[in-house]
Every structure is written in structure tokens, then in C-alpha cells.
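These protein sequence lines map, in sequence, to chains A and B.
In terms of my numbering, the first sequence is residues 484 to 1163.
In terms of my numbering, the second sequence is residues 484 to 1163.
Hints are supplied without guarantee of correctness; some may be wrong.
A pair holds if it fits inside one copy or across any two, identical chains being indistinguishable in the list.
[What the hints assert, rightly or not] No farther apart than 20 Å at their CA atoms in a straight line, the calculated lysine to aspartate or glutamate pairs in the EDC-like style are these: (1) Lys1106 / Asp703; (2) Lys675 / Glu827; (3) Lys1106 / Glu716; (4) Lys848 / Asp790; (5) Lys823 / Asp650.
If you are wondering where the hints come from, they were derived from the structure by calculation, not from laboratory data.
In this text, all values refer to a predicted model and were calculated from it rather than measured experimentally.
This is what each chain is made of:
Number of protein chains: 2
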Amino acid sequence: MTDHESLADPAQNSSLTDAKLSPSLTSHSNQTYKVIFQPSGQSGNVPEGTTLLEAARHLGVGIEAICGGHETCNKCTVRVEEGKFPKHNIHSIASHLTPMSSREQRFQQKQNSPTDSRFSCSARVIGDILVTVPEESQAQKQVVLKAASGRTIETDPIIRLYYLELDPPEQGGAGDWERALAELEERFGLDKVEFDYAALKELSDTLRHSDGAITLTVWDDRLVTRVQAGYQEQPIGLAVDVGSTTLAGYLCDLRTGELLATASAMNPQVTYGDDIMSRISYANEHKSGRERLHRAIIRALNKLAEDAVEQAVLSIRDIVDMTIVGNSVMHHLILNLNPKPLGEAPFVPIVESPVDIRAADLRIKLHPGARLHILPLEAGFVGADNVAVILSEQPHCQEENMLIIDVGTNGELLLGNRDRLLCTSSPTGPALEGAQITHGMRAAQGAIERVRIEPGTLDVRFKVIGHDHWNNELAPDTVQARGICGSGIIEAVAEMFAAGILQKNGRFAKTLDSHRYIREENVDAFVLAEAEQTAGGSPIIVSQQDVRAIQLAKAALYVGAQLLMRELEIEHIDHIVLAGAFGSVIDPQYAMMLGMIPDCELERVHSAGNAAGDGARIALLNKKQRAEAARVARWVEHVDQPMEDDFQSFFMAALSLPHSSHPFPHIESILDARRRNKTT
Amino acid sequence: MTDHESLADPAQNSSLTDAKLSPSLTSHSNQTYKVIFQPSGQSGNVPEGTTLLEAARHLGVGIEAICGGHETCNKCTVRVEEGKFPKHNIHSIASHLTPMSSREQRFQQKQNSPTDSRFSCSARVIGDILVTVPEESQAQKQVVLKAASGRTIETDPIIRLYYLELDPPEQGGAGDWERALAELEERFGLDKVEFDYAALKELSDTLRHSDGAITLTVWDDRLVTRVQAGYQEQPIGLAVDVGSTTLAGYLCDLRTGELLATASAMNPQVTYGDDIMSRISYANEHKSGRERLHRAIIRALNKLAEDAVEQAVLSIRDIVDMTIVGNSVMHHLILNLNPKPLGEAPFVPIVESPVDIRAADLRIKLHPGARLHILPLEAGFVGADNVAVILSEQPHCQEENMLIIDVGTNGELLLGNRDRLLCTSSPTGPALEGAQITHGMRAAQGAIERVRIEPGTLDVRFKVIGHDHWNNELAPDTVQARGICGSGIIEAVAEMFAAGILQKNGRFAKTLDSHRYIREENVDAFVLAEAEQTAGGSPIIVSQQDVRAIQLAKAALYVGAQLLMRELEIEHIDHIVLAGAFGSVIDPQYAMMLGMIPDCELERVHSAGNAAGDGARIALLNKKQRAEAARVARWVEHVDQPMEDDFQSFFMAALSLPHSSHPFPHIESILDARRRNKTT
């Protein structure tokens, strides 16, 4: 102990510290000491003179360190504890580590750090020690994925930054790149690293102007993709969910996991066709059709990236990594691959594995060395967006059975648990998004999004996007309704059924006596908003065809779910998740009232918001989740919709509100309550 | 034996063949047989039913096979021999292999193959067998590098073609890319193969239109760079030597090694500066100077590639691999890296390792997936062209000491053998290429390239490029000399010295009495071509300044060689090689007469032509030579030209014709002979 106590004298110590400086564990003295890391509890013996950072790496404890011992990044700070060791005063604890350099002292003072804070890269072990790695110093950080649910994910990005300080070049010495490589190996243990040409070009213009201080952006610890002057600590990534109709982008700090900006845009391909089948047709039937669709989506991705960095006051060149999810057709069109095989038997994609390329290969204009990871497809029908939903909702990690319904222009369903997970896709058509409905419109200003109909009086209340109040709380001429969006049409049909306006088969009740019931050109209809409440000055109605379109769509989803339940041989679903932009606005009880989803306890039906987008973000922030996605994509079993006659009759029965021959105890209780009480 | 003889019945046999079909060696019967491959003599025991191709791979015998057993490529044919086995008749030998399929029979008949020819991919071992692998079936082929010397190299390209026949896609089955990958592993044993995006895009448009028959171009057995429909067998590569002044390109069939076309072009960077130092200045002192130099050389490389494929009646997209060699400055400008560090102490390059990128990264327009390999630099001064010279002349493989002088705009010298190899560069300036000489010109139509001066009479004979005869065999007014090229000025100065016109110190003799001796503006000069023999109508002369320029250049080379000899502690050089375009036109005896090279037996001084270009071709055709180049580049020792005073005086002494204080027994004997006899 006397040996160590003498180290409290900084003058003596610095020579010892220098003498012990060594890049590896092997060359220290024979004396070893026990080091324990909290909160993980990992521990082991390390040779005297080992830095705490080296000890952590050796024991598998992830401590963040961009500068690798240059005392620059201030990311590897740990707290020295007493823990289970014999009680010491601070002085004697500190003497189990070499004292601070003057640089560390300045740093810690400037930061007002507690006296027990140390840089793990410079504090060397000279006695048994217990340290705590605070959350901000842990290499893998917990980041809140969904503020509402408090759901967190762990960051473990494929992109890491490494700060180097290279000695000046020497005559006859190695080239710039070779010196950077040697330092990367010596200081961080990275060998077999290659460079992207973009990074080599940057090195050429950076190193000689930055006194040898550079930060390398390294992908997968094996490819240098960017070189920046000086110390840098914010690698930026962009996760994008490319839907047939909309794009959603998430700009993230890859180190902290922080969400810096969100951006969304219309998919410009809608000009060439509403749904994926019409996009496939366009690609094949028009000269350069595929190229046109490809360029349109790439332009939109570039615009989205620009919007996002503008919000975060960054440059497009700061984005060094990107993940994309999307359905199979979006996937193929983004890659400029022929989508035709996706639209015809045997529905086999060109590539289903994850695709790792340079974003610039697709003319996506981020940093020129930026990487792009496109998540794997499950099958010709079931795309990378569905894989992303799995990453987000994790049915494959749970014991309970979970049904996930991702409603976009196409409906995709997943059912299962950690033992077996099935997927199928359902041709819902666009009705659930408000398209192909008499007064349908997208969920924009003026759209009726909520509907309540009083049983008996058939009085209607509705809520219009843009107003905080229901229409009956507004002066009629200020309501200015323009149409009905997806959630509005679903609530309208469900309420019309609950109020007895519609029969179980979807037809208008024969005995209807209300001024709101109209019949035009032999078609029954119900007036939702009267002329004075609309922007157009004519009533907004729900027609018999509109009801039919909703019936077809909901039947498709319902039948898909039944198909998976039959295949899995289960009769009860523990948990239902409504995903997709649509899932986040639909009220689960109306989905159940319509018989769109199987019966389930209402409190076990949740909306997951844009789960595909969340999955894209998870893949962006965690490389192990990319591997997991690749594994799960091959593990999920795809169930084809059967073509037999009995299936057709099953589908016909599913058109009923709700299914004609299935017991729906939870739905019945909802309906009963509705019939007894006033609407809330 | 009776068992095997029964196999002569084709009907019985086919079922046996089918039953034995297996992709690996492990699943055959327990019975093993001995297989010997000639000419290598490699032998071993293999299980019954193994194909000869599998046996060859197992024993490390390289047999070419593009189709991997599809009986399509006809590349793996071997001859069945008796060898050291008991004498059999043909019938019984054949019965040691399964009989031909009908497809192989048709093929062999169509080719008029000898009766003992078999496809090694389909003939399966059912008895002890000795086979010869003819040269055309060997995976590594001998190809003649230099017609003149008969020098051959072995092909072992980094690019290989693999022919696949994929089964049609099946519902729920794997994607196109995944099926191709599985087939590549099953049939050729290639795992961990990735694709370049360019190849993925081609797969999208190819596979479904070619009934599943595709040929993959694979780089380094790990990256698919091209996908073509059907069976293909000619991968094309381009090797380019980028000199400061000229570019030389070699278009090759990578499989056979055949040289399909050669192309050459001026380096358009000459517009921005004659030598490398002036290019560095231009790059740094002009706005976008570096970008301009980079674009100029890339344009020239694209043009060169186009010229080459046009000659060979191919498309630019057929080129799938490229190698480039060049000096350090060309290397950096091709890569668009800052060349400034190359021109100032400590002369450290941005990157010295070999660079492997996509050609398209530099906007070189070959196949979009084409690879580019740029050979390593030796040092800031000594470039990839010098490494290529080593690959070509192989001093590092020999016991004898070899001095290689590569004279371009810069002179580079190598000296050593397999134990130690030194290099240095000498600032020769452009005089040896005919630049900065009073009537100097490039080696083009009208240039005086050969000179003879009769001692005593001082009569001059010369030879002009474009004429087959010496000038004295032509009518004077048809000679039309326009200037003097590099070899011409060297011969002129050497002959002037041998004839006594010049003194040992390079000055004109005081006692000169000839109408060819003139003195203009106080400068001595000698008339080489009289006015009537020139295109310009005025005499072509060699001035005192011209002699001085040649003296400086030759002294630089001589001193460089002496420096290396001193460092290596040798006094005699076994073998001198003159490389570079210049080396191929200079007459070694004149180089010796001038004292440009150390004394050596004349018959041991050789011209190697464009050795750098040959080295680029070797690296193109043989991947192991690329690794060898990387190794040698780091192994060669670079010797700096010393700056001390005693070195300056050494340089002054080297200006003499030849060196004032060195014994030159071989040169003396040449000079004696010249003084005694007439010129030849």
C-alpha cells in the first residue's frame, strides 16, 4: 500500500504513468488487481497499469470512447466507488488509480464533475477498484422510442466515430492512410479496415490542415466512410418508411439515439397509380416506366432528407447512414429492380435478403460515403415494412399470441409468438384510407374524422380535422366540412350499424324514417353533414356503395386474421396491435364493432402508430437488430390466401357487420352499452 | 473388374451415374480409387463416383470450368491416359470412368475430340485412373508476355466467370439472388459472396428472360460484379500505364490471357505542365486546378478504353476489370487526391497501399460494376509504375544483381536481387525525351532517331522516323528532317564525343575545322542536318547547351546508379535493363559511351520496352502478382539522393563523357573499336 500511496505525489506519478503506457494488456507488470464494473457487475483481474477503459473492453463492458485515450471526448467518465471493498477515504480510493493528468484535471474542473469522476481512458489500475459506468458513458444507450408508451430501445449503431491524432508525416514513413490505419488498430483494436473512396478523398484534404487531428466515421468497424477534421461526436442517420402513399423520415443522432427531426412527404409515385398493382403495371407497360417510378421515389427521398436536416440545422452531408423499409414493390422500385415478378405467380422477388450498399449507388445524395441498409423482404407479397413492424412490436419475443394488423393501402397481418409467427397480406383496397368513397378524402383539414349517431333520434355529431370541438359546439357555417377520411368513414358505418340505420348485412334498414335518409338514383344514402355545415355547400353523405367498400375491406382483414388463427390452431388472440398511420387514428372499438378484427378484450387492443417507421429507426440505431430482422424475415411463415370455394363463402359471411356466424362477446357488450346509453 | 466392365452398357450406366450424383465428395460410396493428374503429377485417393473435376479440386489441381458440370463450356476436357497403370485397351481404361452422357458424346463428336477426351465435370471415377490436363484446360494458363523474348506469365485472374442454370422460381421459394447464391455455393463452393449493386440490377433484367441461364462475373470469389444472360466465357480487362507524357493500354481476355488490342494516347495533362513538378504546381496554384487535371486524365482513360474495345470489336461494358500503374503524381491525380505532399518534404503520399475500388467511383466508364486496381506506391517519389517494372523484370526473384533504369520524364532506378532491392529516383529532366533541346522533338514523323559521325571527315549520316533508309541513301530533298528525338540526341552527343568533336568535359574541341562547326551568338554548335535536308529549310544543329542538357540528365542517372551501388556495397552489376518507352529505342552502346549507365558487358544490357505496362498487364492477369506487388512495394528500400557537398562534387565529375574518374573497360573497348573502324 505504501507504494501506491506515494503515487499521490503527481510529480512521481507522471513518470510511472508514462512508463506503463502500453496499447495492450499483455505488456504490463505481473501484479494484477481486481476491477468490478457497476451496474453490470462484470469483474475480473487485470495487470497493474491497465487503463479502466482497457479493463472494460477486456471484460466485455461497453464504455463509450471516441477519442481512445486522447482525453478529448469526455465520454468515458466513470465514478469511483467503494462498493464491497473495504471502506477507504476518497484519498485512498483514488490511490488505487493513477492520478489525473493536468489535462484531465482541467476538464473535470471545467465540467464541475464530482470528485470521484475519472476518465476511464487515462485512469490506470494500481489497486483493487470498483467503478460505476453511468448511463451517459455506456456504449449502448437506452433511448425512448415512443414517448406515449415509454418504450425504449438500446442503441448499438453500425456506425462509430473514432478520433485520431496522427504524428506528422516523416520522410520515408508511411502514407496518411496507412498511418491512420495503424492508429486505428493500435488505439481501438480495429484491424482489416478498408476505406470507401469518398473517405480517401476527404483524408487527402483534411489531415494536412488539421494538424493530424481527424475523426473517422467507420461502418461496421470495417469501412471508413467519412473523414472529418478535428474532434467530432455526432454521426447522423436517417430512417425512412416508404409507404405506397406517404413517406416518413426520422433523423437521428446515431451515438445518443436522439430523434433530431421527423419529416414526411407524399409518395410522388401516386401520380402513376394509387396502389402497388397499378405501379407494377405502369412500370411494365410504359416506356421507361420503371425508371420514372424509381427516379420519382429517389427524388422524394432526397427531398425528405433535405427537409429533415434543415429542421435540425445540419447539412445533407452529415448523414452517414440510412435505413429504408417499404413493401416489396416500393423495395424493388427504390432499387430500380423489375417489380413485375412481384405481381404475378409465383410472386418471387429479385432479392429478399437485406441490401447493404452505398446510398450514392441509388443517387441518394447524403454524404458520398453514406451507407444504405434496406431491410429484408419476407416474401413476394410481404415486404420490409412488415419486417420493421416485427422489430418494433416484437411478437417473436413474446409468449402471448399477438395479432398485428398493419393497414396501409395494402393490409398486412402477423399472428403468433416466439414459437411460430405467421404472416399474410389482405387486399383491403384503399377504402379504409378514405379513397374510392363518395365523399372520401385524405386525413387533412376539413375531413370528418369522428362520428356519433344517437340511436332513436339519429342525430349526428361529428368532428372535423382543424377544429378542437364537435360540430354541435360550433356555429354551423364555421364547420366547413370537406369530406370523410378513413377513420371517419369507419366510425360512420359502425355508428350507422349500432343506431340501426344499417342491417347486419350492410343494407339500409327498410323502415328508416329520417330526413337524413335519402335515395338518389336508386341508391340509399345517409346524410352525415348537412349542406350548411360543408365547405362545398352540398351535403356529405355515406352511400350504400360506400358501406359496401368498407365491408369488403374489413372482410379482407377479418378473413386474413381468421386464416392465420386457423393455421396456428388458436381460437383466442391475447393482444391485437393496429399499426400503420391508419392504425394510429382508428378507434379500436369501432374496428371491433364493424367486425374488422377478431373479438378481443378491448383493453388489449392497441394502436402502435407507425410501427414500420419505428422498426426502421430501430434498425438504424442497432446493428444487432438488423441481423435479427434478417433472421426473422426468413423465419416468419407466409400463408397464402386460399382460392377454394369454401374460402369464398367464408369471405362472403365475413362481409356481415360483424361476422355472421362468429361469437363476438366483446363486440356484443360494446353494442349493448351503446344501445343502452348515450354516446360519450 | 467385372463390375466395371458391365458399365460399358450405357443403359445400365446412366442409372448408376444418376444415383451417384452428388455435389460433395463425402456422400459417395466407401470404395476409393487412385487418381493421378499429369503433367503436375498430383495424385490421391478419392471415393467412387467422384467427378474428375471434384477430384482435381480436392487434390489442388487447377482445371478450368465455367459451367460447373452443365456440360456447356467444354473447358474442362482432360485426356485419359494409361501412364504407370497396368496396360489396358481403350475400352478397359474408359471403364474406369462412367461413360459419356449423350450430351457429352454430341459435344465430343462435334469437336472431333480424340476418343480419350472426357469432360472432367461429368466423368466419374469408378477405378484407378491417370489423366492429363492439357494446357487449354488448365485453370492457370501460360501466356506469352513478350513476343521478342518469349517471356511468359501465368494467368490467375481475380475475375472468374461462373455459369449457372437456375430452376424456375417457386411460390414461397427464395428470391432470384438467393437462388443464384445457393447455386454458386453448391456447384462451385463459393460462399460469402456479395453483389455489387450494378450486378443486382442486371440480375433483375436478365434471369427471367434467359430461362434461368446466366453467367456471373465474380471478383476475388466474393463480389458479383456482372450478370449476363446465357453462357459467356470472355471476361475482358484493361491494363493501363499512365505516364506523365503518354498512356499505354492493353486490352486482354482475362481467361486466356490473350492480348486483344493495344492503344496509346497522349496524357492531356501536358497542357498544364511538362513534368510532374509543374503538374503539382498547377494543381495547387489554380482554382480547381487539381479537379481539372483529374478530369483530363479520366477523360483520356475513357477515350483509351473506347479505342481499345473498338479495335477488338467489343463494347466498353465488356470491360470488368482494370489495373493502372503510374508515378506517384499520376497516381494521386487519377484518384483526385492532393498531390502537394508529393512535391515537398517529407514527401509522404496520401495513400501508398494498393487501391481497390469500383472504376465508376472515378467516373471511368467501363461496365458499371467493373473493378479498378491501382498498384501500390513505393514512396512519395517512386510510384506504382516502378512497382510494375519490378513485377515485369523480377529483380526480386533473382540471384544476380540487376540494375533497372526506367527513363521517362523522371528517371527511376532499381538495383538489387532477391536479398535486397533498392530504388531511387533521379531528376533527369525532359532532355532524354528530346524536350528542351534546340531542335528537340518527340519521337514522331521527321525526327532524327539515329546518328553516325565518321571520325576524321566528320561526315554525318542519320536516320529519320518515317524513312526505312539512312539519309545518304535518299535524295536530299526527300529527307525532310524536322528535329531530333531522344534517341537521336543521345546518339548525336555520343558520336560527337567518339569523333572528337566534343571533349571529355562536354565542351567543343578547340581545334575543330569543319563546315559543320558553327558558332552563333557565342555558342558552339554542330550541324547535324543541312538546310536542304530539313523540312523547315534551315539546319538542324546540336548546340553546346544541348550537350549540357544531355550531360546533366545522364549524370543524374549515373549518379543514381552509383548511389545504389555504394549502398549495396557492390562494384559490378551483372545485368542492366533499360525500361520505359525511351529504353526501348535507345541503343545500349550509346548509353554506355555517354557514361549514362555503369560499365557492364554490352551483351548483358537489355531493353525491356514498356516494362511498367507489362507489369500492369501482369497484375491484370494474375491476382497473386497483385499481392506480390503490395509486398514488394513495402520491401524495396528507397534511397534518398544525398544533399551533401561531396555528393555535389561527385555529380560534377559524373558530367564527364564518361565519368572522369571511373574505369570503363567495356566503354573503352567500344570507343577504341569506333576509332579504329568505320561505323556500321
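Verification of the supplied hints:
For the identical chains of this complex, Lys1106 and Asp703 are intra-copy neighbours only, at 8 Å inside a copy versus 27 Å across copies, given an alpha-carbon limit of 20 Å. Neither within a single protomer nor between protomers do Lys675 and Glu827 lie at most 20 Å apart by alpha-carbon distance, with minima of 44 Å and 30 Å respectively. For a Cα distance limit of 20 Å, the shortest separation of Lys1106 from Glu716 inside one copy, 19 Å, qualifies, whereas the shortest one across copies, 40 Å, does not. In this assembly of identical chains, the alpha carbons of Lys848 and Asp790 lie at most 20 Å apart only when taken from the same copy (13 Å versus 33 Å across copies).
Only between protomers do Lys823 and Asp650 lie at most 20 Å apart by alpha-carbon distance; the minimum there is 18 Å, versus 56 Å within a single protomer.
Comparing the model with each earlier hint shows a violation of hint 2 alone; every other hint is respected.
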